[in-house]
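Visitor: So the sequence shown is numbered by the numbering used here: it starts at 489 and just counts up by one.
Derived by calculation from the structure, the hints in this document are not laboratory data. Ideal Cβ placement from N, Cα and C applies to all residues, glycine included. Keep in mind that a hint or two might mislead.
[Claimed, not checked] Now the in silico label distances, taken between C-beta atoms and shown as ranges:
hint, residue 1, residue 2, range
1, R1425, P1327, 13 to 23 Å
2, S715, D578, 42 to 52 Å
3, R549, R1423, 15 to 25 Å
4, R1355, I1012, 31 to 41 Å
5, R1425, D1024, 45 to 55 Å
6, E1203, H1341, 31 to 41 Å
7, D1338, E505, 37 to 47 Å
8, R1423, I1012, 43 to 53 Å
[To be verified] Derived DSS-like pairs (lysine-lysine); straight-line CA-CA distance at most 27 Å:
hint, residue 1, residue 2
9, K1378, K1409
10, K918, K749
11, K1388, K1377
12, K806, K790
13, K1378, K713
14, K806, K972
15, K792, K1351
16, K792, K806
17, K1377, K1298
18, K1351, K546
19, K1351, K585
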Amino acid sequence: MPSFVPGQRWISETEPELGLGIVLSVEGNRVTILYVAASDRRMYASQNAPLARVRFVKGDRIEGQDGIKILVRVVEEDQGILTYKGTDEDGEEVQLKEMDLNHFLEFNKPQDRLFTGQLDSAELFNLRHETLEHLARLDQSEIRGFLGSRTSLIPHQLYIAHEVASREAPRVLLADEVGLGKTIEAGLILHHQLITGRAERVLIVVPDPLLHQWLVEMRRRFNLKFSLFDAERMVESDSQNPFQDEQLVLASIEFFMEDPKRASDAIAAGWDLSIVDEAHHLGWSPLGSSPEYAFIEALGLKVKGLLLLTATPEQLGKESHFARLRLLDPSRFHDYTQFLHEEAEYEGLADVIEHLLDDDVLDLGLLQRLETLLAQDLADDLMARLTDPMATAEARKALIQLLLDRHGTGRILFRNTRSTIKGFPGRELKATALPGPKGDGITDQPLGNALDLLLPEAQMTSAIQGEAWWRLDPRVDWLIKTLKSIRPAKALVIAAHQETVMDLEDALRQSGLQSALFHEGLSIISRDRAAAWFADEEDGTQVLICSEIGSEGRNFQFAHHLVLFDLPLNPDLLEQRIGRLDRIGQREIIKIHTAFLEGTAQEVLFRWYDEGLNAFRQQNPAAQTVFTALGNDLMSLLKAPQEDQVEPLIEAAKNLSQQTLEILHQGRDRLLELNSCRESEAAYLVDSIETQDQDQELWPYLERIFDAYGINVEEHSALCHILRPGEHMRLQFPELPDEGVTVTFDRNTALAREDILFLSFEHPMVRGAMDIILNGEHGNAALSILSHPDLDPGTLLIECFHIMDCAAPKRLQIGRFFAPVMMRTLIDGDGNDLSHLAPKSFEHHPRQFDQEHARELLRTQRKLIERAIRLAEKSTRASLPGLIEASGKKMLDSMTLELKRLAALRTVNPNVRKEELDQLKANALEMHSSIQTARHRLDAIRVIVTS
């Protein structure tokens, strides 16, 4: 039993955060300890108190309550009280009684915790070791930043994200066609920049109707919790600049236009990256700009990185396209006339590029044009090989690569089209014409005399007394019959308004059809549950009924039946509806079901889409252009349908659509398409992530973490588990709510079930757990009994783990060149180095010492243990210079190669910004300095006694 004396210093083994305790009194078998740092007093049973005696030794550095720091030379003990004698920082001889030690002393160094008896289990010790290994591997991974997103592995999206995210302060246009995932691309870039530390403060600006979509996409797909800024938030804030209170901010462009101070505060807040959606709506001409454009222009001058999500250049027109480019780089794109001249030069290459890409024979005229264009690049050898039949294919490939690098805006503009991206199975239309509703008191006007008759239920509701509109609307009977005819196949039903979908749910229920609701009036959690119920293949519902706004940002490509209860006026909205199912990854032909009331505005709009734009059966990039040109005529006809005017309008729409599509095709930039997704690089990224997804290490590692920290794990299904806080949970575990959470590590499951967490090494729960393990003392001191076939029982071993790393800003990603290196040394009690005995060669089930025997062993063997620690440190220190030299060379080789590549590229492509080169040089110098000051530290120690 330990001997307690008032005035002695002890530390709690179970609650070290209480600080240094002092014995107040000893009465019988009770001891009272005062913890001044925590303002707490505890009473313990003397015989089994979870306390460790604090006893410093020669060479330790200690601190008194007056702040004086002492290097201990001698320790004297009188009647159980220790007095430390040594020298202060000025070399003066001083002494300090233990009762005068600083109450706030912490014992988190491995050797401090070891000798004060704060011992961890072998499981925690091994977990710390394992965590360090995982982090070192992740730091050097080429796909770091792309593992944690809940997204399908789409090649063109990953290519763009990797190409852009690896740049310093990227400034680019993302202009893929509708349905190809511009939001996903932006999210992937953002996620990578945040994970790697290249960005910390981000502002996203979107049109007001898209706020919820972005909020959900960032949270559900990328685990990014953006703060939504609106008028209410500004009223509640008492900050001088509210935008400086949050790191991740989402707001609408309308929000900034309502109050100039909001705009100026946002610009002044300082951002690493800004994302602007629907940037093609920002008005600009050489004569002036809109307030919205002026705001983004001012923001762009202050922000480091800028991503503009916009329509394709062909849809924008040259002037509008130039307006977006000058937001990215105003010094490069300052003269519209000069821009047109440069574009004309690149267009001159179009014929040559077409022949190269189509493997056509290059005639003498084309070869001469190429030779003139490339003379400045000293491409004589390449030109010679183009005429060599044995080397033509290789030469064409090299020439295409050369043209890619010098392409006008190819480095800052990415644009993919459906014509070049595989994975869309097609669409099939099933339309039904219905007679208009019958019944007294519905309306005194003929159907079709009002624009809102595109949604006749609104008029019926106000006109019918005491009768549900859906009992008279023939579309409801058609809907019920359609759903019953296709079951058990799942169907997504979309209607314009929340009230309509709620009434339809009631109508379906009364007809015996079960359905889930999904609209803007529901909370995000309720929508998640509805989507999960719909996605469940075994016990889920057949039907999900969505409103227009409620369905934004959600995709259900596991279903292939889409029922359009009504049609939106805007063709972009129609494509957005179809895009809920018609996305990359859809494996079935999309069956589009719709019905319209004959002789009404609904029939006119249906024919406009079907016959005029062919918008149901395929995506039509010309649709919005046609709608802009003929929209007023369409609106007039919807208000008063007249058959003799319907045919001419549809014919006009059809002709304009064909003409516009032809213009778009002629202006198709195949070189830009190739540059927006280089297939071999994209395939490599997909393969790398798939390999990591199939890695079997994550879940067993997490199970060990959950077991160590008291998290209960229950099996939910084959690939899913339920996590709940256990009764003995050691701390507040990151991202684990009190009610628990369901998780999966399978990407396909996560894509189908957005209510389930998708765990990866980049998920906040996993990263948070790893931080807890490594940033604290968890597992850094242990004492175990192990057996080894080559060692005699009773052998004393000291196992030390040193970390060699260098401190550098996170944005530099120094881990690519100098990832933390863990060095293990194993020293026996005689000072022999036994590091060649691998950890796996010891038995896997260590036994623990009881506390009394552990204290006695550490007390009697302390000098041997301290000698072993010094020997381990000496060995580590000797290894550091070689590591510094190798890492420095690796960094300089890599950075020099990249600098030379960009410098050469800049000579033929002015869109390589000087700022990017300058920043790259500065980064190389900063990394060189960091590597030269690399350090080593003892991270964990374990004393082993063999059995």
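Visitor: Would the pair K1351 and K546 pass a check requiring their Cα atoms to be no farther apart than 27 Å?
Guide: holds (11 Å)
Visitor: Between K806 and K790, does the CA-CA distance stay at or below 27 Å?
Guide: Roughly 26 Å separates the two Cα atoms, so the pair holds.
Visitor: Against the range 31 to 41 Å, how does the distance between the Cβ atoms of R1355 and I1012 compare: consistent or not?
Guide: violated (60 Å)
Visitor: Measuring from beta carbon to beta carbon, are R549 and R1423 in 15 to 25 Å?
Guide: Since the Cβ atoms of R549 and R1423 sit about 18 Å apart, the hinted range of 15 to 25 Å holds.
Visitor: With a cut-off of 27 Å on the C-alpha distance, tell me whether K1388 and K1377 pass.
Guide: Holds: K1388 and K1377 sit about 16 Å apart, inside 27 Å.
Visitor: Taking 27 Å as the top limit, are the C-alpha atoms of K792 and K1351 close enough?
Guide: violated (56 Å)
Visitor: Assess, step by step, whether the Cα of K806 is no farther than 27 Å from the Cα of K972, and give holds or violated.
Guide: Given that 27 Å is the threshold and the Cα spacing comes to 50 Å, the pair is violated.
Visitor: So if I understand the rule, the pair passes when the alpha-carbon distance is 27 Å or less; does K1351 with K585 pass?
Guide: Between K1351 and K585 the Cα gap is close to 23 Å, so the pair holds against 27 Å.
Visitor: Next pair to validate is K1378 with K713; report whether the Cα-Cα distance is within 27 Å.
Guide: violated (36 Å)
Visitor: Assuming the hint says 45 to 55 Å, is it satisfied by the Cβ distance from R1425 to D1024 or not?
Guide: holds (50 Å)
Visitor: Using the beta carbons of S715 and D578, state whether their distance is inside 42 to 52 Å or not.
Guide: Given about 51 Å between the Cβ atoms, the range holds.
Visitor: Within a Cα-Cα threshold of 27 Å, do K792 and K806 meet the stated pairing?
Guide: holds (26 Å)
Going through the hint list in order, the structure does not satisfy hints 4, 7, 10, 13, 14 and 15.
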